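Colleague: Mind docking chain B on chain A? Use the hints.
There are 2 protein chains.
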Amino acid sequence: MSKDNFQEIKEIGFTSLIKKLSSYHGSERDEIIKGIGDDTAIYKNKQGTVSCATSEIFLEGVHFDVTYTPLHHLGYKLVTSAVSDIYAMNAEPVQLLVNIAIPNKYSVQMIEQLYKGIDSAAKDYHVQVSGGDTTASHQILSVSVTALGAAQEKELVFRNTAKDSDIICVTGDLGSALAGLRILMREKKHWQEHETESFQPDIVDYEYVVKRQLLPVARKDFTEAILQSGIKPSAMIDLTQGLMADLKSVAESSGLGTELYSPAIPISLDTRKVADEMKEDVDKYVFYGGEDYEMLFTMEEAMIEKFRETFDDFAVIGKMTNQYKALKINTGEGETIKIDLNES
Amino acid sequence: MSKDNFQEIKEIGFTSLIKKLSSYHGSERDEIIKGIGDDTAIYKNKQGTVSCATSEIFLEGVHFDVTYTPLHHLGYKLVTSAVSDIYAMNAEPVQLLVNIAIPNKYSVQMIEQLYKGIDSAAKDYHVQVSGGDTTASHQILSVSVTALGAAQEKELVFRNTAKDSDIICVTGDLGSALAGLRILMREKKHWQEHETESFQPDIVDYEYVVKRQLLPVARKDFTEAILQSGIKPSAMIDLTQGLMADLKSVAESSGLGTELYSPAIPISLDTRKVADEMKEDVDKYVFYGGEDYEMLFTMEEAMIEKFRETFDDFAVIGKMTNQYKALKINTGEGETIKIDLNES
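Protein chains in written order, with numbering that gives the first Met the number 0: chain A, 0 to 343; chain B, 0 to 343.
Be aware that a few hints might be false.
[Claimed, not checked] EDC-like cross-link-like pairs, simulated, lysine to aspartate or glutamate; straight-line CA separation at most 16 Å:
id, chain 1, residue 1, chain 2, residue 2
1, B, K18, A, E251
2, B, K45, A, E152
3, B, K43, A, E152
[Claimed, not checked] Only part of the chain B face toward chain A is listed, based on derived beta-carbon distances under 10 Å:
id, residue
4, D38
5, Y42
6, Q46
7, I56
8, V142
9, L155
[What the hints assert, rightly or not] Computed spacing ranges between beta-carbons, pair by pair:
id, chain 1, residue 1, chain 2, residue 2, range
10, A, H193, B, Q191, 40 to 46 Å
11, B, A135, A, K9, 28 to 34 Å
12, A, T66, B, N321, 53 to 59 Å
Source of the hints: derived by calculation from the structure; they are not laboratory data. Keep in mind it's a predicted model, so treat the numbers as computed, not measured. In this text, a Cβ means the ideal position worked out from N, Cα and C, and glycines have one as well.
This is chain A alone, in the form it adopts within the complex:
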């Protein structure tokens, strides 16, 4: 980045910066009768609806590495991460509050890049940025995003309502976000060891997995399919911690166990290729890698084929059992791994 493009925030002041950033407000929503500019945002509820609220915090060095994360991608991902939780309730995201603490090393242009990403995602998900807090920070960039949404109460899908014998399904493919991270970290290491002047990761052959890491997309299409098909999952969670942790959350809260058939778990060829190159077990990516932003849902077996007529980007990977806290994995090679959830 040339020096012409590095304008220190103190040159324009925080008040001007906040004014500048307030133009990146995503979609304008009719329900929001007061957005940025007062003490709070005001949202007008439609009759019979409930509101959803979720919030996440992202810290430089913990949740993102600015060496290989373009700031507009980061902005997009922050929004994806927040709205994904709303979709996971089968609700519609409506507004976002963005809190940001900015250290001196970030220029006005860099923060605008971040907000361009937020704005772009907010438009894709049809949500309005309706408020937040902008402040100075020492050393690291810290961003916190709150998403608020709405739903008809009867349409909500919880995590703790899976039923015994329900089929477990996941959308898309799993483990690709971690595969992308592995590639980016390898490129960073190469760059550090060779001290080349600028960081230009060689990611042409890994575009799919790198995009899944840097620019993940929340499964808005899945909640739309639920509405269109009229078929509601019995339980649902978005896959952000990794299949194991998220499935455990569904099983534990529903008071059930699970049986997975691991060969059925959808894994892209690109993800397998990365695991091979890294000499790692691709199952590790799938079971413990997070940030895929796919949906895990449970459904009565009888509904599956009917649902597939509307939406088919999902795979059946197992079923719920009545054995509380027992998680069995059938590897398809005559082997069954038992995991006691009390100990994991």
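Modeller: Chain B alone, transformed into the frame defined by chain A:
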């Protein structure tokens, strides 16, 4: 703090920590049909209500100094700061989402202290902690609090609705939070210069101002008085940035100017005493010191005396004028200071 009381978070793990912290959830509210434990919190709206949302971020070293801030006080203040914005819309806070990023130097006990403060405030303001995100951090503690509230739409009081000739009032007294900060900073400096073993600030004589800095209380009582009296301010804002900045926000957004009569601004004797000791102008504390969490409101002159029958902890400090962006301060000594808001 003894070593017995310093349990590293990694000893119990983040999952256990989150479970432990989830017991500090403030008041249980009937409207919240889903609190901590799913993808989002779910709030059931009463008919005819609107929702309010506000969010703030606090960073160690920027917004608080752990040298002299007891962590349970910090927790209380975070909540005060968030709900104060809801009260400033004349709405009722209902739920809180707390995001926290914790560095290694904090023990389980320290984080519990923080949550005890959050819990205690949440009970005082009758709000439920319904969700949030808990994560690791490098170096500094970063906390972000989102408050959600509800109001009848017709009861809302905005910032941009002050009318020409309305009287400007403030609750309580101003500048005391900054006076408290001055004392704490002086004590810290003394401690650093004398390298005494533990930091025991000598604040006995400054209890009032120090408490105003460390443990501020949001003016729930003021919104209750509005309800009880049936008299609604024309505009309202909570004083967090300092009188000048917050009044400017009301004036600008309402397209008006203001005239202040500075001798009428309520200042406690304790605040004056601190300013004298520091050889500083007490007006500086009042005009530019923030974090008082008092309410600034405007009201038709004819309503003031009637309103005072219900609530009298406020002072009239000036009036709105039709001179857009002109802010005049009458010092009571035959002097009038004119501030052009375009330049400030």
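Colleague: Which earlier hints turn out false for this structure, listed by number in ascending order?
Modeller: none
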